[in-house]
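J.: Next come the chains, spelled out residue by residue.
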Amino acid sequence: METALQERQDSIHRTGEAPFVMDCNKDSLAGAVSQRACVFCGSRVVLYPIADALHLVHGPIGCAVYTWDIRGALSSGPELHRLSFSTDMQEIDVIFGGEKKLYHALIELIDRHAPKAAFVYSTCIVGIIGDDMQAVCRRVSEEKGIPVLPVQSEGFKGNKREGYKAACNAMRQLVGMGDTSGISRYSLNILGDFNLAGEIWLIREYFTKMGVEVVANITGDGRVGDIQRAHGAALNVVQCSGSTMDLARMMEEDYSIPSLRVSYFGVEDMAESLYAVAAFFKDEEMMRRTRELVKEELSLIMPELMRYRQALAGKRAAIYVGGAFKAFSLVKAFRTIGMQVVMVGSQTGTPEDYAELAEITDPGTIIVDDSNPLELSAFLKEKEVDIFVGGVKERPIAYKLGVAFCDHNHERKEMLAGFAGMLNFAREVYGSVMSPVWRFVPRREN
Amino acid sequence: MGKILPNYVSTTNACKLCKPLGASLAFRGVEGAVPFLHGSQGCATYMRRYIISHFNEPIDIASSSLGEKNAVYGGGANLKLGLKNVTQKYHPALIGIATTCLTETIGDDVKMLLFQYRQEFMQDGGPLLVQVSTPSYSGTHMEGFHAAVRALVEQLTVATEANGTVNILPGFLSAADLRSLKEMVVDCGLTATVLPDFSETLDGPALRDYPLIPEGGTKISDIRAMSGAQATVEFGYTLPDQLSGGSYLKKTYGVPLQRLGMPVGIRETDRLFETLAEFSGRPMPGKYALARGRLVDSLVDGHKYVFGKRAVVYGEEDLVIGLTSFLAEIGVQPVLCASGGTSGGFVKAIGKAVEGFAVEMPRVHEGMDFHEIGELAAELKPDFFLGHSKGYALARGIGLPLIRVGFPIHDRVGGQRLLHIGYHGAQQLFDLIANAMIMAKQDSSEVGYSYM
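Top to bottom, those sequences are chains Z and R.
Per my numbering, numbering through the first sequence is continuous, rising by one, with the last residue being 561.
Per my numbering, numbering through the second sequence is continuous, rising by one, with the last residue being 1787.
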């Protein structure tokens, strides 16, 4: 592709064009205007939904203020996570060190809010000036009697995936602290759903109906106490390829808890995930209940879903999301409503992820890692895309060119997971693609 | 003055943004320019996201995307690679390079790196490179904004012959404000260079092709010739001298400087038109006399709905000063004027803005966050909040209306189209405020009045 920079050529492929070796999972190219954020962002988004913890960003104001209430991450109870706490480091702190300020800020905020735990996020500058966050956290933890966990999320230390890992490292310290008595042998933790629009409540309901106890939400509508006893669960179900897989691995290492990779987007993946959980517990009765649940849920949504399918059949979709795992499900979800995916990419996919995308997409589909506005806009044009699915930063690219858009990230307000979520997704797609406003945009003019 | 505020160590829900964001916005207002942050990738992406959610427009901010090795050994190589890549794909006329806390702390000498870059890669020409130091640990987005404007003026202007134009350095206005300002100037028969001008670059039309660099922005040739203008008008009473482009032009080229407030409300707009009339030698155009007349007429019509209402006003210092001035003119009592900024000139400027109008002097605080604003608001019993959308949680918590102005507006469409300045802007503000008060009364009334 001529549009892209030379160094980016190996990160762009087309399905069916061998050999398929994706250049990915590395630092973004300088000057390429990547859509990615940083290590801090990775940690922040993963831990953010833990609603009864204090989330203190140790650094200058920007990092905290740009992540204030940044995603839905609904809570059924406390909403401490929706506040933006910062040490707001000043020049004097940079020169003389920020440990003292961090200590006093922590004491002040813990006294004010009485959180169940505190996460302290390191930012670029803290990594450079060398504040001993570990020591400060340990001291405050001893004084206040709650876990105070440093999150080593200096922005420059790699890409978003490193941030996921730092978040998982912090949570690893929580797991194992709680009492696990009374937990059913049919039990699991939900990893990798962030309850942006209430999806984790629906998923929990499914598991409850199947007869499975959910011990901890990690991290959507999350609670410190639940995570502390998460090691009592029999199984980890992990959605979202990158963000919490590390924690699942750690829990397997520390507590021999096996994990299943699941996805709640799209009817196929949703049903498969529930069946996989039922199969894991090897309980016939549970499997029967699961089949019934799937059947009932499908019967509720199919008539309306088919109406959307009729209207949307043959339309072309492009996908650019944070994690590749979501992309897999979206490819299938579009298929369910008769649409063709012509471009798919992610910020943080691995070579295996992209190989799988190449497997499940049609020949000629553009597959891309760590893309940018220059490339994405060219893809939208080349493929004459009808709808683009992405996050806030992708939205103006689509809209400027007169292409419909579906937010599958922070700013969505409708739940897109589960069976009901599939219907919401179809409605969202339909509501954007079918709008009459596209008749007036330049690309539709002759 | 009420109780002394406790001196909190921590910040909760800041009422300010960081310096490079302001610089990025300012650079976006120059024709053919690409903002470029020298730092880790996240900064650029976060700021893009934040700006996009307000303007609903693309904004490409490039980054040198420093990794761990660069943080240890210096970011020079990445800075150069980034500039090369941006030049190759964006074909910019200018790259505005702002530093971040990371590159300021590791001590990258950007000036020297750019000198090297010009030697190595720009022998056959290339974009202009303007650089500004914007460590986020000192100052807010407004200091970053002004510093970028000052850097543009310092690094681009050259001595020119007198050209009779007027320089306007308006500070951070909305896209609609900038359009309105340019119209005023033209209507007054003047030619002005407004810097920056993102009225089109951050509020453009639907297009067939993605605009890597959108049309519009202040022309570079006009910036170069600001040295020959008959005068500079600079908005903002709290702008310090070392960040003032107007002061630089005055000192270096002898261009007279007229410092005005942000023209919000009647008196500040009057001042602007008086100034423009001095330059043009003509009276205010009839169109504006009429708009002023209509405005005054509407204030009379609606004065009872707003008189004595108590307002908490927050945001950037100069915007708050302008808004407070207008509130005082319509009989609203500003009870708290708050900003995350710490210019040192806020209290005095508010005092002047309300002098002779407001019944009481409002509480005025620099360096405030929303936690502190909330604590004071609980005590001051306001009727409404006036400021950007980040005050929503607070207003909702107390159950009071938030009237949205300024930046960012993340929870409504049309933030870029909000008009604050001039008589037309004052008209819109008045209608918003009066209707919010009428609505509050109507909604809480058992009667459900169908007339005001």
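Calculated from the structure, these hints are not laboratory results.
Mixed in with the good hints, there may be bad ones.
Short, incomplete list of chain R residues facing chain Z, as computed with Cβ under 10 Å [to be verified]:
no.	residue
1	Phe1390
2	Ala1412
3	Cys1436
4	Ser1473
5	Gly1539
6	Ala1775
7	Gln1777
8	Ser1779
9	Glu1781
From the three backbone atoms N, C-alpha and C, an ideal C-beta is built for every residue, glycine too.
J.: Now, for every hint given, state plainly whether the structure supports it.
T.: Checked hints:
1. Phe1390: Interface hint status for Phe1390(R): holds (8 Å vs cutoff 10 Å).
2. Ala1412: With a minimum Cβ separation of about 9 Å from chain Z (threshold 10 Å), the hint on Ala1412(R) holds.
3. Cys1436: OK, holds: Cys1436(R) within 10 Å of chain Z, min 5 Å.
4. Ser1473: Holds: closest Cβ of chain Z sits about 5 Å from Ser1473(R), inside 10 Å.
5. Gly1539: At 8 Å from the nearest chain Z Cβ, Gly1539(R) passes the 10 Å test, so the hint holds.
6. Ala1775: violated, 25 Å
7. Gln1777: violated, 28 Å
8. Ser1779: For Ser1779(R), the interface hint is violated, since the closest Cβ of chain Z sits about 26 Å away, which is over 10 Å.
9. Glu1781: Constraint on Glu1781(R) not satisfied, violated at 32 Å.
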